[in-house]
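There are 2 protein chains.
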Amino acid sequence: MNGAKALIETLADCGIEYCIANPGTSEMHLVQALDSVPRMKSVLALFEGVCTGAADGIGRMTGKPAATLLHLGPGLANGIANLHNARRANSPMVNIVGNHPHYHVGFDAPLTSDIETLARNYSCWMKSCSTSASLAQDGADAFSASLRGHGGSKGQIATLIMGADAAWGESPGPAKPNPTPARPKVDEQAVGDIAERLGNGEPSALLLEHHATTPAALEAAGRIAAKTGCRLLNGTFPARVDGGPGRVAVERLPYFPEQVLAATAGIEQLVLVGAEPPVSFFAYENVPGRLLPDGCALSRLSAVDEDSIDALERLAETLGAEKEQAKRFERKEIPAPEGPLDTRNIVQAIAATMPEAAIVCTDSGGGNVAYPFCQNTAPHSWLSLTGGAIGQGGPVATGAALACPDRPVLALLGDGGAAYTNQSFWTQAREGLNVTTLIFANRSYNILNVEYARLGITEAGEIAASLFDIGNPNIDWTKMAASFGVPAAKADTAEELTALLKRSHQEPGPFVIEASGEMGR
Amino acid sequence: MNGAKALIETLADCGIEYCIANPGTSEMHLVQALDSVPRMKSVLALFEGVCTGAADGIGRMTGKPAATLLHLGPGLANGIANLHNARRANSPMVNIVGNHPHYHVGFDAPLTSDIETLARNYSCWMKSCSTSASLAQDGADAFSASLRGHGGSKGQIATLIMGADAAWGESPGPAKPNPTPARPKVDEQAVGDIAERLGNGEPSALLLEHHATTPAALEAAGRIAAKTGCRLLNGTFPARVDGGPGRVAVERLPYFPEQVLAATAGIEQLVLVGAEPPVSFFAYENVPGRLLPDGCALSRLSAVDEDSIDALERLAETLGAEKEQAKRFERKEIPAPEGPLDTRNIVQAIAATMPEAAIVCTDSGGGNVAYPFCQNTAPHSWLSLTGGAIGQGGPVATGAALACPDRPVLALLGDGGAAYTNQSFWTQAREGLNVTTLIFANRSYNILNVEYARLGITEAGEIAASLFDIGNPNIDWTKMAASFGVPAAKADTAEELTALLKRSHQEPGPFVIEASGEMGR
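Taken in sequence, the protein lines are chains P and V.
584 is the number of the first residue of the first sequence in the numbering used here; add one for each residue after it.
584 is the number of the first residue of the second sequence in the numbering used here; add one for each residue after it.
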């Protein structure tokens, strides 16, 4: 057995079910290995940003890593923007990056580059000197590293840079999976301190992120809130929140710094649970970067890598909140909207037609607007753009649909972001994935119009305006989708959009809706 | 005047004519500066791989850098694959990468990442600690660095990572351009040694790359060959060669190692002129990496950063070859092909219709096949895929067309590569660029079928075959082009293809031709 086969067998034994791949010549032995291990499903993507984004989606929906297969430095580079997002999401992932054998690197052939510097950018674990004898164990270790928290913003992405000689050389065989790493528990003192604080009667809030937004964590947080009156907050862009009717009601922080300060005004104690203190997404002249109300006391219950579920449950117990009833989102009837499309109408149509158990993936301003409206529609999982690198929603939706074939997936994409990784459509068509994509076709990097105005410029000059305008020419999203084999339609009115969303939710397979009308003009 | 305005004024004073941009919030002051300096043309691209590839095309065609404007780490990451190609091409380029102010980086906001490790991957010059007072001079220094050779494969790409505070803060004003750096001359001893070698009667060849493939260098090399009988070789993927009838006849090395060894068999002395010794593009078991005939003596006339034109001219003089007549490519009538399309027919149609002074950009196997056929058609500039990262041809064609609006541009793209950076079409449509794109739509990463067979596997299994097959579903390139506003048509026969090529070469603006038929099936 060669190293490649031993590696793939090992990763499959560990529990990796998907390899999202774009292979090249240096990975031919790995392709041969994938060919012989069908229990790991190999999925081809036409661009590596789709590979890494899809693996992110699988990680968020299953809590387990998917593998990616990337072709040397440039293949890896094409995947980094979505690796950045996945790092911010703390999604587990195992990248296999092909490379020349070490003895060939010195010849500096055209595809040679310093892959390690690229991988270091987003990896919590990295190895580039595997031999065929070590490769299987290295794979098992990469898998473990992706399930272990590493603190701060290091993320949970392991990258194995595999020389072709490690793949083709003789291996002693697959390695045994390592024991599953457990999250560290927070100490008793921390739980006691926070319980005391929350009992002091001052206006308080828990800021919940990552492990603290899992359903079990939110249930415990909901009981704590019911007992103490504290508010429950998510960050602006949580990796995954299972929301909607019946789920514990949590507020999501807004985007602009002034809005965050307004939303948190009056909070005198902020408790971090798997979270970091809120900061401004960008820096602005004369605007604070750290967004805490004046005099607000900050304390931490748990760090990102610690067991936030356990910490919250113990906190609830310490507070005597076991029997409390959490406040929950309620179901409300959302009337179908009418008339020409605008952002409000589109969001209403999304909410009115939201199917049960949907997975919503979004990297658009419109998607963010939709979030609060959808909390009263149907239970769902909401996956945000965690790292600000656009072009994430389509790939994450692709991965979520692979991982959860029984759940409808709804991708709410801006036209600017969707243009980045339009190749997602092809993988959705090839795999028959149940993804409904709604494109907010406002023909603009609209956030930049807003940001430019924040400089105090009331009217953009011709060149500046041209750099925010993606409407010259307009992208025809129905043709784009059709070019990749995905059926598509355009909606100009709310009635048309509602009908298309309903139809797409009922039918299997991918569908793309261009929501244009007069929106955003 | 703020730092951003001083920077853009400085870069324009240095001679930068284009900024290929995809801006974000951290670059709003830079957008404002571009808005106020219209002599630098701002061109929007929908994906950063198009920005960097277009800048590469401009650099190859003008010998001067274009600027790119990229949004923090992820924006830069999206551009790295084509930066890798541009590094291998020794194309001059100045990247401006936006970043948070230094005081904001510590807050670890979502878009924060280690941009320097990414930039280090391909940059010959990098600065990330500019202040508003230093930014203009830093820009002038970046410009100079991009025109200076740095030896080896360091390339000529300068990257200025610009904190937003450096952009918005007060500047003393634009910096004066630095003196233009000159290429070092090779010493007299080297010229004398090579002259002696070439006079010893042994079968010899010059391997010419980079500065040694410029027209003046090839003229001198042609005289040397006429005098000494040595062969003239280019590498497999030269950055730019101006070829065709009337140009000095140079052989191009083939791709596979066995082919290179066959092509160089019998050469007893190989002289490197701006080149490195030939090596195998990939490593294979039991195949040598360094591709020199047994016993071949290797010597160097000039390194990549040295003045190869001067070195060749002095060598010609030392050899008494000033009056020699170089062997040149001759014009031959290429008959229009007939019948159903296959690679041979397509290549013949390209050659038969090649317009005068065309710029040919290619990152496809078919494009490489076309190269020798086109040497007898019309004078042209040929820009190869220098670094092996596919998705380069469309962006480079976009840049070449921006830089040379009076010359027809022909992009010969594989369907696999074109899918990577399909967003090029949009910039071509927006700017009305005179680019004819021919897609070799063989529905396959066909090179991988060949490479897989080289492992000794006569038939790929189902999973392996699926990872090489991009035909399920077929990409409809006419719809893809149309979605971005580019007119397009499909050719199934050689007659249709010839008619479409002729029509596109006669009409201004972009056009896309999908060459499908039965090719590659």
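It is possible that some hints are incorrect.
Claimed, not checked - Chain P regions said to be covered by chain V (calculated; three or more residues, Cβ under 8 Å): (1) 603-614; (2) 700-708; (3) 876-884; (4) 1029-1035.
Hints listed in this document are in silico derivations from the structure and should not be mistaken for laboratory results.
By construction, the Cβ of each residue, glycine as well, lies at the ideal position given by its N, Cα and C atoms.
To see whether the hints hold, each was checked on the structure:
no.	hint	verdict
1	603-614	holds (count 8)
2	700-708	holds (count 5)
3	876-884	violated (count 0)
4	1029-1035	holds (count 4)
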